[in-house]
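Student: Next come the chains, spelled out residue by residue.
2 protein chains.
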Amino acid sequence: MVTIAIDAMGGDFGPRVTIPSVLSALEKLPDLNILLYGHRAKLDAYLHQGTASSRLEIIHTDQQVGAGEKVSAALRKRESSMRMALDAVRDERAQGMVSAGNTGALVAVARYVLKTLLGIDRPALIARLPNIRGHSYMLDLGANVESNSENLYQFALMGDAFARVMGVKGAPKVALLNIGSEELKGNEDIRLANATLKESELLNYVGYVEGDDIYKGVVDVIVTNGYSGNIALKTSEGLIRYVTQVIRQSFSKNLFTRLLGLLAMPILERARQAFEPELKNSAVLLGVQGIVVKSHGKSQQDAFLKAIESAYVLAKNDLLDQISDQLDQEII
Amino acid sequence: MVTIAIDAMGGDFGPRVTIPSVLSALEKLPDLNILLYGHRAKLDAYLHQGTASSRLEIIHTDQQVGAGEKVSAALRKRESSMRMALDAVRDERAQGMVSAGNTGALVAVARYVLKTLLGIDRPALIARLPNIRGHSYMLDLGANVESNSENLYQFALMGDAFARVMGVKGAPKVALLNIGSEELKGNEDIRLANATLKESELLNYVGYVEGDDIYKGVVDVIVTNGYSGNIALKTSEGLIRYVTQVIRQSFSKNLFTRLLGLLAMPILERARQAFEPELKNSAVLLGVQGIVVKSHGKSQQDAFLKAIESAYVLAKNDLLDQISDQLDQEII
Numbered sequence: 001m002v003t004i005a006i007d008a009m010g011g012d013f014g015p016r017v018t019i020p021s022v023l024s025a026l027e028k029l030p031d032l033n034i035l036l037y038g039h040r041a042k043l044d045a046y047l048h049q050g051t052a053s054s055r056l057e058i059i060h061t062d063q064q065v066g067a068g069e070k071v072s073a074a075l076r077k078r079e080s081s082m083r084m085a086l087d088a089v090r091d092e093r094a095q096g097m098v099s100a101g102n103t104g105a106l107v108a109v110a111r112y113v114l115k116t117l118l119g120i121d122r123p124a125l126i127a128r129l130p131n132i133r134g135h136s137y138m139l140d141l142g143a144n145v146e147s148n149s150e151n152l153y154q155f156a157l158m159g160d161a162f163a164r165v166m167g168v169k170g171a172p173k174v175a176l177l178n179i180g181s182e183e184l185k186g187n188e189d190i191r192l193a194n195a196t197l198k199e200s201e202l203l204n205y206v207g208y209v210e211g212d213d214i215y216k217g218v219v220d221v222i223v224t225n226g227y228s229g230n231i232a233l234k235t236s237e238g239l240i241r242y243v244t245q246v247i248r249q250s251f252s253k254n255l256f257t258r259l260l261g262l263l264a265m266p267i268l269e270r271a272r273q274a275f276e277p278e279l280k281n282s283a284v285l286l287g288v289q290g291i292v293v294k295s296h297g298k299s300q301q302d303a304f305l306k307a308i309e310s311a312y313v314l315a316k317n318d319l320l321d322q323i324s325d326q327l328d329q330e331i332i
Numbered sequence: 001m002v003t004i005a006i007d008a009m010g011g012d013f014g015p016r017v018t019i020p021s022v023l024s025a026l027e028k029l030p031d032l033n034i035l036l037y038g039h040r041a042k043l044d045a046y047l048h049q050g051t052a053s054s055r056l057e058i059i060h061t062d063q064q065v066g067a068g069e070k071v072s073a074a075l076r077k078r079e080s081s082m083r084m085a086l087d088a089v090r091d092e093r094a095q096g097m098v099s100a101g102n103t104g105a106l107v108a109v110a111r112y113v114l115k116t117l118l119g120i121d122r123p124a125l126i127a128r129l130p131n132i133r134g135h136s137y138m139l140d141l142g143a144n145v146e147s148n149s150e151n152l153y154q155f156a157l158m159g160d161a162f163a164r165v166m167g168v169k170g171a172p173k174v175a176l177l178n179i180g181s182e183e184l185k186g187n188e189d190i191r192l193a194n195a196t197l198k199e200s201e202l203l204n205y206v207g208y209v210e211g212d213d214i215y216k217g218v219v220d221v222i223v224t225n226g227y228s229g230n231i232a233l234k235t236s237e238g239l240i241r242y243v244t245q246v247i248r249q250s251f252s253k254n255l256f257t258r259l260l261g262l263l264a265m266p267i268l269e270r271a272r273q274a275f276e277p278e279l280k281n282s283a284v285l286l287g288v289q290g291i292v293v294k295s296h297g298k299s300q301q302d303a304f305l306k307a308i309e310s311a312y313v314l315a316k317n318d319l320l321d322q323i324s325d326q327l328d329q330e331i332i
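In the order they appear, the protein sequences are chains W and D.
Just so you know, our numbering puts 243 at position 243 of the first sequence, and the rest follows in order with no gaps.
Just so you know, our numbering puts 175 at position 175 of the second sequence, and the rest follows in order with no gaps.
Please note: incorrect hints may appear among the correct ones.
[Unchecked claim] Simulated pairs of lysine to aspartate or glutamate, EDC-like, Cα-Cα distance not exceeding 20 Å:
#: 1; chain 1: D; residue 1: K115; chain 2: D; residue 2: D87
#: 2; chain 1: W; residue 1: K216; chain 2: D; residue 2: E237
#: 3; chain 1: D; residue 1: K298; chain 2: D; residue 2: E276
#: 4; chain 1: D; residue 1: K169; chain 2: D; residue 2: E201
#: 5; chain 1: D; residue 1: K70; chain 2: W; residue 2: E188
#: 6; chain 1: W; residue 1: K298; chain 2: D; residue 2: D212
#: 7; chain 1: W; residue 1: K70; chain 2: D; residue 2: E188
#: 8; chain 1: W; residue 1: K28; chain 2: W; residue 2: E309
#: 9; chain 1: W; residue 1: K298; chain 2: D; residue 2: E210
#: 10; chain 1: D; residue 1: K216; chain 2: D; residue 2: E276
#: 11; chain 1: D; residue 1: K115; chain 2: D; residue 2: D325
#: 12; chain 1: D; residue 1: K28; chain 2: D; residue 2: E69
#: 13; chain 1: D; residue 1: K70; chain 2: W; residue 2: D189
#: 14; chain 1: W; residue 1: K253; chain 2: D; residue 2: E269
#: 15; chain 1: D; residue 1: K298; chain 2: W; residue 2: E210
#: 16; chain 1: D; residue 1: K70; chain 2: W; residue 2: E210
#: 17; chain 1: W; residue 1: K316; chain 2: W; residue 2: E92
#: 18; chain 1: D; residue 1: K173; chain 2: D; residue 2: E201
#: 19; chain 1: D; residue 1: K298; chain 2: W; residue 2: D212
#: 20; chain 1: W; residue 1: K42; chain 2: W; residue 2: E79
#: 21; chain 1: D; residue 1: K253; chain 2: W; residue 2: E269
#: 22; chain 1: W; residue 1: K198; chain 2: W; residue 2: E210
#: 23; chain 1: W; residue 1: K216; chain 2: D; residue 2: E276
#: 24; chain 1: W; residue 1: K70; chain 2: D; residue 2: E269
#: 25; chain 1: D; residue 1: K198; chain 2: D; residue 2: E150
#: 26; chain 1: D; residue 1: K115; chain 2: D; residue 2: D328
#: 27; chain 1: D; residue 1: K216; chain 2: W; residue 2: E237
#: 28; chain 1: D; residue 1: K216; chain 2: W; residue 2: E276
#: 29; chain 1: D; residue 1: K316; chain 2: D; residue 2: E27
#: 30; chain 1: W; residue 1: K42; chain 2: W; residue 2: D31
#: 31; chain 1: W; residue 1: K70; chain 2: D; residue 2: E210
#: 32; chain 1: D; residue 1: K216; chain 2: D; residue 2: E237
#: 33; chain 1: W; residue 1: K115; chain 2: W; residue 2: E309
#: 34; chain 1: D; residue 1: K173; chain 2: D; residue 2: D212
#: 35; chain 1: W; residue 1: K173; chain 2: W; residue 2: D212
#: 36; chain 1: W; residue 1: K198; chain 2: W; residue 2: E150
#: 37; chain 1: W; residue 1: K42; chain 2: W; residue 2: D91
It should be emphasised that the hints constitute simulated quantities derived from the structure, not laboratory data.
Given the structure is predicted, the values throughout are model-derived calculations rather than measurements.
Required output: the full structure, derived from the provided sequences and hints.
Tutor: Next comes the structure, spelled out in structure tokens:
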């Protein structure tokens, strides 16, 4: 059995999205246990009759972390649904947790409750991004606002370990995101990280890539600071939405294009489904002593279900241990 | 007459792209004069017979700035085609210049030759980005690798002035790009810039936007540091290329989809043409005492022609003076 703790109150939609996702996950995965943290009365509204599963335990709490809440305030709420789900991981009552709550708060509370892995100063958010040849992994997607060269180096080690554990064949190609492929570009932190990574014999470091390389599939792991990583990811999300709108409009011009659109849209929709949901995928908070999955704040049921499944798969395969082992080899 | 100086040697393709673009521009714009700087023999290969125009003056020089050349080396080349084109602007022999050369070198040499505008410490690259409602302007797209709060504030002033001059109606809505809409997010420089902008009565400052807002058309001017701006732009470029490939593939599955593709592709291509070229558009180096247009290093003929036209339009409408006037009102 795998037990996952869920912050039922997080995200823009709270229990309206988290509860149906939890129920789907329980139905889909017979060896999944859920510890559900949230306000009982608010959860009950979405727990229809007959959902009393022996694999679902509901733990009531009044407190929750708000979307715009300051990190310092979130850290003081010892009984927030987010905090209690993280406590369950620390106390080994759960093998992983999922929250769609405020990113800044989740990172800070997770770091406070779970502590970082040996040799890691700062955790980082990593996610799988689609590209024309398959997938790559990018970190940090926003766990930190600033990162020095040492942080970036540690992100590279964690990203490499994660990619190996997720099944990338051979030594993952690791790259630093920069604004020019020439050595002379980039700020001091990036240049220093580049120098350290070049010297490292542990990694298959291939140098700099630029923003337009992200979707080319030329590397397996893309390392950047949380500010730029978040902007790259969110810009992508927004651009896909815009392109979808432009395409819809272009098929609505006249009767002929509308008819053509009726036939072409299912194909285009399938094309979009091939990558668009991945851009809104959950991210894993790498570098803390526990499996923490951050679901997108705007997650709908499908996306939150996927986040639960991610935590389940990571827990079931002891991926955290594997990552720690990998890091132990690398950090001597 | 409007005279534009051209660095014929810059960009990934050099004269092969710059010369045909110059010839098209001369044909298209009867009151355009061109001063063309580059290696005579290399230019001649693309200047076919009968192109002897009284409006085209070729100035030979052996020196050119390489794509990977260090800024310090570029600054020492006093007779590079890039430098000589900038000298022509400084000496008022030309009203603007265009280069597709190395961004870092162009920014440094332009700043050295032309000096910055009064009250501006650092120039910034600005470009027009398409969105579902029209257009917005984003800066800095990579003139600088790091920017402090004062630089960001100045970028906001310049972006506002540029947007007004480019015809945005009313007081342009100005926003700072950040990784969260809550006050607590972002680094120190961004938070400080936010505080300064909020106090400013000169600007219609609307606060933070995130990456996914760029293509929503909710604001007119998006201010960010050059590192993040460049990554947002290049990520967009790469994502469009990827999406185009995915769509093509999805129409190549079977005979039916291929036939459908034959009909749908022209519509999709028109949709793509509506915004994709804009993402590869030229950028204007704002903040120096002269009109400097940076064309994309990978520019083909069409894109370089557009860059020449941009410089021409900016020069013809005395936009630099208008921007200076606007800044003079703002910087007291």
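Student: Against the structure, test the hints numbered earlier, and report the numbers of the ones violated in rising order.
Tutor: 12, 24, 30, 33 and 37
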